[in-house]
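J.: Here are the chains, one letter per residue:
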Amino acid sequence: MTRRLLTGNGAAAWAARLARVDYVPAFPITPQTEIIETLAEWINAGEMPGRTVTLESEHSMITAAGAAAATGVRVFTATSSQGLLYGMEMVYTVAGWRAPFVMINVSRGLASPITLEPDHNDIMAARDSGFLQIHCSTCQEVLDSVLLAYRLGEDHRVRLPVIVNLDGFYLSFTREPVELPEAQAVAGFLSPYDPESTRFRASAPNSQAVAVLGSSPYSYFRYESHLAAVNAAAVFEETAAAFAETFGRRHQAVEAYRCDDAGIVLVMIGSFATKARQAVDQLRAAGQAVGLVRPRLLRPFPAEQLRRVLCGKQGVAVIDQNISMGMGGVLHAELAAALYGKPQAPPILASFIGGLGGRDISPQEFFEIAAITRKAVEDGVTPPARLLYTREEFREVRKLQAIAHQERNELGPEA
Amino acid sequence: MSDTLFKRMKDLPSTHLLGTGTPMCAGCGGLSALHEIYDVLGPRTVFVNAAGCMTLLSVYPFTPFRGSWLYTAMASAPGGAQGVRDALDILLEQKRLSSEEDLQVVVLTGDGAAYGMGLSATSGAIERGLDFIYICYDNEGYGNTGQQFSGATPHAARTATSKGPQGFAGYKKDLFSIWAAHRPAYVATVIGAEPLDLARKIEKAKQLDGPRLIIALAPCPTGWDYDPRESIDVGKLAVKTGVWPLKEYIDGKVVHTKIPHPRLPVEDYLKKQGRFKHLFGPERNAGLLEEIQGRVDNYWAAVQN
Numbered sequence: 000m001t002r003r004l005l006t007g008n009g010a011a012a013w014a015a016r017l018a019r020v021d022y023v024p025a026f027p028i029t030p031q032t033e034i035i036e037t038l039a040e041w042i043n044a045g046e047m048p049g050r051t052v053t054l055e056s057e058h059s060m061i062t063a064a065g066a067a068a069a070t071g072v073r074v075f076t077a078t079s080s081q082g083l084l085y086g087m088e089m090v091y092t093v094a095g096w097r098a099p100f101v102m103i104n105v106s107r108g109l110a111s112p113i114t115l116e117p118d119h120n121d122i123m124a125a126r127d128s129g130f131l132q133i134h135c136s137t138c139q140e141v142l143d144s145v146l147l148a149y150r151l152g153e154d155h156r157v158r159l160p161v162i163v164n165l166d167g168f169y170l171s172f173t174r175e176p177v178e179l180p181e182a183q184a185v186a187g188f189l190s191p192y193d194p195e196s197t198r199f200r201a202s203a204p205n206s207q208a209v210a211v212l213g214s215s216p217y218s219y220f221r222y223e224s225h226l227a228a229v230n231a232a233a234v235f236e237e238t239a240a241a242f243a244e245t246f247g248r249r250h251q252a253v254e255a256y257r258c259d260d261a262g263i264v265l266v267m268i269g270s271f272a273t274k275a276r277q278a279v280d281q282l283r284a285a286g287q288a289v290g291l292v293r294p295r296l297l298r299p300f301p302a303e304q305l306r307r308v309l310c311g312k313q314g315v316a317v318i319d320q321n322i323s324m325g326m327g328g329v330l331h332a333e334l335a336a337a338l339y340g341k342p343q344a345p346p347i348l349a350s351f352i353g354g355l356g357g358r359d360i361s362p363q364e365f366f367e368i369a370a371i372t373r374k375a376v377e378d379g380v381t382p383p384a385r386l387l388y389t390r391e392e393f394r395e396v397r398k399l400q401a402i403a404h405q406e407r408n409e410l411g412p413e414a
Numbered sequence: 000m001s002d003t004l005f006k007r008m009k010d011l012p013s014t015h016l017l018g019t020g021t022p023m024c025a026g027c028g029g030l031s032a033l034h035e036i037y038d039v040l041g042p043r044t045v046f047v048n049a050a051g052c053m054t055l056l057s058v059y060p061f062t063p064f065r066g067s068w069l070y071t072a073m074a075s076a077p078g079g080a081q082g083v084r085d086a087l088d089i090l091l092e093q094k095r096l097s098s099e100e101d102l103q104v105v106v107l108t109g110d111g112a113a114y115g116m117g118l119s120a121t122s123g124a125i126e127r128g129l130d131f132i133y134i135c136y137d138n139e140g141y142g143n144t145g146q147q148f149s150g151a152t153p154h155a156a157r158t159a160t161s162k163g164p165q166g167f168a169g170y171k172k173d174l175f176s177i178w179a180a181h182r183p184a185y186v187a188t189v190i191g192a193e194p195l196d197l198a199r200k201i202e203k204a205k206q207l208d209g210p211r212l213i214i215a216l217a218p219c220p221t222g223w224d225y226d227p228r229e230s231i232d233v234g235k236l237a238v239k240t241g242v243w244p245l246k247e248y249i250d251g252k253v254v255h256t257k258i259p260h261p262r263l264p265v266e267d268y269l270k271k272q273g274r275f276k277h278l279f280g281p282e283r284n285a286g287l288l289e290e291i292q293g294r295v296d297n298y299w300a301a302v303q304n
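For the protein sequence lines, the chains are A and B, in the order given. In terms of numbering that gives the first Met the number 0, the first sequence opens at residue 0 and continues consecutively. In terms of numbering that gives the first Met the number 0, the second sequence opens at residue 0 and continues consecutively.
It cannot be assumed that every hint is accurate.
[To be verified] Below, computed lysine to aspartate or glutamate pairings styled on EDC-like, alpha-carbon distance capped at 20 Å:
#: 1; chain 1: B; residue 1: Lys94; chain 2: A; residue 2: Asp193
#: 2; chain 1: B; residue 1: Lys239; chain 2: B; residue 2: Asp267
#: 3; chain 1: B; residue 1: Lys271; chain 2: B; residue 2: Glu289
#: 4; chain 1: B; residue 1: Lys271; chain 2: B; residue 2: Asp208
#: 5; chain 1: B; residue 1: Lys252; chain 2: B; residue 2: Glu289
#: 6; chain 1: B; residue 1: Lys94; chain 2: A; residue 2: Glu195
[Unchecked claim] With beta-carbon atoms standing in for the labels, derived distance ranges:
#: 7; chain 1: B; residue 1: Tyr170; chain 2: A; residue 2: Thr53; range: 27 to 37 Å
#: 8; chain 1: A; residue 1: Ala186; chain 2: B; residue 2: Val253; range: 34 to 44 Å
#: 9; chain 1: B; residue 1: Trp299; chain 2: A; residue 2: Gly45; range: 45 to 55 Å
#: 10; chain 1: A; residue 1: Thr53; chain 2: B; residue 2: Gln206; range: 39 to 49 Å
[What the hints assert, rightly or not] Far from chain B by the CB rule (all over 10 Å, computed), these chain A residues:
#: 11; residue: Phe199
#: 12; residue: Ala344
#: 13; residue: Glu364
#: 14; residue: Leu387
#: 15; residue: Glu409
Hints listed in this document are in silico derivations from the structure and should not be mistaken for laboratory results. Quantities reported herein were computed from a predicted structural model and do not represent experimental measurements. Glycine is no exception: its CB is placed at the ideal position from the N, C-alpha and C atoms.
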C-alpha cells in the first residue's frame with residue numbers, strides 16, 4: 000500500500016488500472032479529460048494492459064462500452080455533463096443489456112447557460128436509467144467506489160452498470176492523499192470478470208438487446224432490471240463489508256455524521272457534503288445539536304437506511320445541488336417519498352437549493368439553514384423551498400448588466 | 000473477378016441460412032438482399048443493428064439468424080460494432096477466445112441511419128480503421144415509420160412528407176462517394192435483383208480487412224407503392240435504366256461492375272412505382288422527367304471504364 004497525492008481524476012484512473020480493466024472507450028470533456036488521458040498514457044506506455052479507443056461522441060462511446068461488456072470484457076469509461084446527456088439515449092439503452100461496466104461521471108452543471116463548474120443536474124438525469132449510482136465526497140472514495148462498483152455490478156444478483164459520481168473541480172482537480180492498495184489485495188477483492196452467458200462467440204450464437212412486441216415482455220424486462228437494482232442494496236452491504244475487511248475502509252450506503260443526538264439533520268450528497276460536515280462541527284461548537292446524513296448510494300435508493308437514521312428527528316434540511324424546474328430539489332422529493340407515512344417520520348422536511356454551477360455554500364448559510372429548520376420545527380410549519388443566493392451576488396450580476404448596458408449605450412449599436 | 004467462386008448463377012449457395020417467418024413486408028427488397036448476403040457471410044457473424052425495419056427481424060424470443068445479433072439504437076450501430084470488435088480482439092489477444100470462436104462484425108442499418116443520424120458514427124468507425132462490414136438496406140425513406148423522405152430519397156419521389164405536385168424537392172445523397180472519400184478498404188453498391196454481382200462483392204468484402212461498406216438498394220413495395228411481386232423487376236430496372244449504378248471502390252479506384260447497355264429510359268423504372276405517379280398524370284410532367292433523365296445521362300457520361 001502506498002499513499003500518493005492524487006486528484007479525483009487521478010484516483011479514478013488508478014482505480015481502473017487496479018481493477019484490471021480490459022477496455023476503455025473514451026471521449027474528452029472537461030473536467031473529466033484527465034482520466035482518459037492518464038489511462039491512455041499508461042496503456043500506450045505499456046504500463047497497463049488493455050485497450051483504449053477514442054470514439055467520435057459520447058453516444059458512440061457508451062454504445063461501445065455496453066457492446067464490449069456484452070461481448071465479455073471488463074469495461075471502464077468516463078464522461079461529464081453535456082457528454083452524459085449527449086449519450087443519454089445509450090445510458091438508458093445499455094443499462095437494459097444487463098452487461099455490467101463502470102462509468103465515471105464528473106459532475107458539471109448543464110446548459111443553458113453553458114458552464115464548467117459542478118452541480119448534480121447531469122447525474123440526476125441518469126437517475127431512472129438502470130445504472131446504479133455511487134456518489135463520492137473525497138478522492139479516496141473515488142478510488143474505493145470504482146473497485147466496489149465493479150464487484151457490485153458484476154454480482155450475479157445484480158448484473159447492472161454502475162456510475163461513480165465525483166464533482167468537477169472540487170474533486171476532479173483537487174489533490175488529496177489517497178491510499179493505493181496493492182494489486183494483489185485488489186485481485187483478492189475483485190475476481191476476474193465473469194461474463195456468464197452475456198457474450199458473443201461462434202459456437203454459442205446469442206441474440207442480445209432484441210426488440211419486444213407487446214407490453215408483457217416489455218414490462219417483464221423492465222421489472223427485471225428494477226428488481227436487480229433493488230437486489231443491489233443488500234449486495235452493496237455485503238460488498239462494502241468485504242471491502243472493509245480487505246482494505247480497512249468502511250463505505251456505508253448512508254453515512255451518518257454526529258446524528259445520534261441530533262434534533263436537526265442536514266442531508267447532502269457529493270463533495271459539498273464535506274462543507275456541511277465542517278458546518279456541523281461549527282454548529283456543534285455553538286451548542287446546536289445538528290448532524291449530517293450523506294447518502295453515498297443513490298441507486299438503489301437506500302430508503303431503509305435513511306429511515307433508520309432520520310426517523311425520530313425533529314427536522315431535516317435537504318440541500319439539493321440540482322434543480323428540477325418548476326418542482327425544486329430532486330433529493331428532497333426522494334426523501335419525502337422515503338419518509339412519508341413512516342412511524343416517527345420527521346415532521347419538518349425543509350428544502351434548500353444551492354451550489355449550482357459550483358457556487359460555494361458558506362458556513363453562514365449552513366447556520367441560516369439550521370436556524371430556518373429549527374424555527375420550522377418550533378412553528379410546526381415546513382417553510383417554502385429556499386434558493387440560496389445572497390444580496391451581494393445579486394448586486395454583482397446587476398452590476399455586470401449595468402456595465403454592459405453602459406458600454407452599449409456609449410459605443411452604439413455598430414460597435 | 001476471375002478468382003470468384005461465383006462464376007454463374009448456379010454457383011450461388013443453394014442452402015439458405017436466414018430463417019423465414021419474419022415480419023418484413025411481402026416483396027421486401029432489403030430482405031432479399033440480406034438473404035443473399037447472409038448466404039455468403041454465414042453464421043459466424045454478429046449483426047449490430049440500428050433502429051429501422053430490420054430491427055423487427057429479431058423479436059423476443061425468436062430470430063431468423065443462425066449467428067449472433069445486438070440491437071443498439073438508430074445512430075450508433077458503428078459504435079456498437081467498435082465495442083464488439085475491440086472486445087473480441089482483446090479476448091483473442093488474451094487467449095480467452097480461440098480463433099475458431101471469432102466473429103465477423105456486421106453493421107445492419109437502413110438508409111435513415113446510414114445517410115443521416117448515423118453518418119458521423121460511420122465516419123468515425125472508418126477513420127479508426129474498424130474491421131467491420133456495414134450493410135445499408137436503402138429503401139430511400141424512413142420506411143419503418145411509413146416512408147417519410149430521408150437523405151436517401153430520390154428527387155421528385157412522393158413520400159409521406161413530400162406529397163406536393165413536385166414530390167421530394169431534394170436530391171439523393173451520394174453516400175457511396177461520401178464513404179469512399181474516407182478511403183476505406185471497400186465500398187460497393189448492390190441490389191438483390193442482381194444476385195451474382197451481389198455475391199461476388201460480399202465474397203470480396205469478406206476476404207478483406209478494415210472498413211467494408213455496402214449499400215443495397217432495397218425496392219420497397221410498401222413505401223414505393225407497387226405490387227410486391229414486381230420487386231425483382233423494379234430492382235432490375237433500377238440497374239438497366241442506370242438509376243442504380245452497380246460499382247465498387249477498392250484500392251483508391253471506382254469500378255462499375257455492370258454497365259447497362261443499352262441503357263433503358265428512366266421512365267421505364269419510374270412509371271412502375273406509385274411514388275412517381277404524379278410525374279405521368281393527370282398531366283405528364285415533362286420538365287421533371289427530363290431533369291431526372293438528364294442527371295442519369297450526365298452520371299454515365301462521366302463514367303470511364
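J.: For the pair supplied as a hint, lysine 271 of chain B and aspartate 208 of chain B, is the alpha-carbon distance within the 20 Å limit?
T.: Outside the cut-off at roughly 39 Å; violated.
J.: Please verify that the nearest CB of chain B lies beyond 10 Å from phenylalanine 199 of chain A's CB.
T.: Violated, since 5 Å does not exceed 10 Å.
J.: Between lysine 94 of chain B and aspartate 193 of chain A, does the CA-CA distance stay at or below 20 Å?
T.: holds (15 Å)
J.: Please settle this one: glutamate 409 of chain A was flagged as non-interface, so is its CB more than 10 Å from every CB on chain B?
T.: holds (45 Å)
J.: Is the distance from the Cβ of alanine 186 of chain A to the Cβ of valine 253 of chain B consistent with 34 to 44 Å?
T.: violated (54 Å)
J.: Falls inside 27 to 37 Å, the C-beta gap from tyrosine 170 of chain B to threonine 53 of chain A?
T.: holds (34 Å)
J.: Mind checking the hinted window 39 to 49 Å against the Cβ distance between threonine 53 of chain A and glutamine 206 of chain B?
T.: violated (29 Å)
J.: Far enough from chain B: is every CB of that chain over 10 Å from the CB of leucine 387 of chain A?
T.: holds (39 Å)
J.: Verify that the Cβ of alanine 344 of chain A lies farther than 10 Å from every Cβ atom of chain B, and report whether the claim holds or is violated.
T.: Given a closest Cβ separation of 42 Å, the condition holds.
J.: Quick one, are lysine 94 of chain B and glutamate 195 of chain A close enough, alpha carbons at most 20 Å?
T.: Given that 20 Å is the threshold and the Cα spacing comes to 17 Å, the pair holds.
J.: Does glutamate 289 of chain B lie within 20 Å of lysine 271 of chain B when you go C-alpha to C-alpha?
T.: Roughly 17 Å separates the two Cα atoms, so the pair holds.
J.: Is it true that the CA of lysine 239 of chain B sits at most 20 Å from the CA of aspartate 267 of chain B?
T.: Holds: lysine 239 of chain B and aspartate 267 of chain B sit about 9 Å apart, inside 20 Å.
Violated hints, listed in ascending order, are 4, 5, 8, 10, 11; each of the other numbered hints is respected by the structure.
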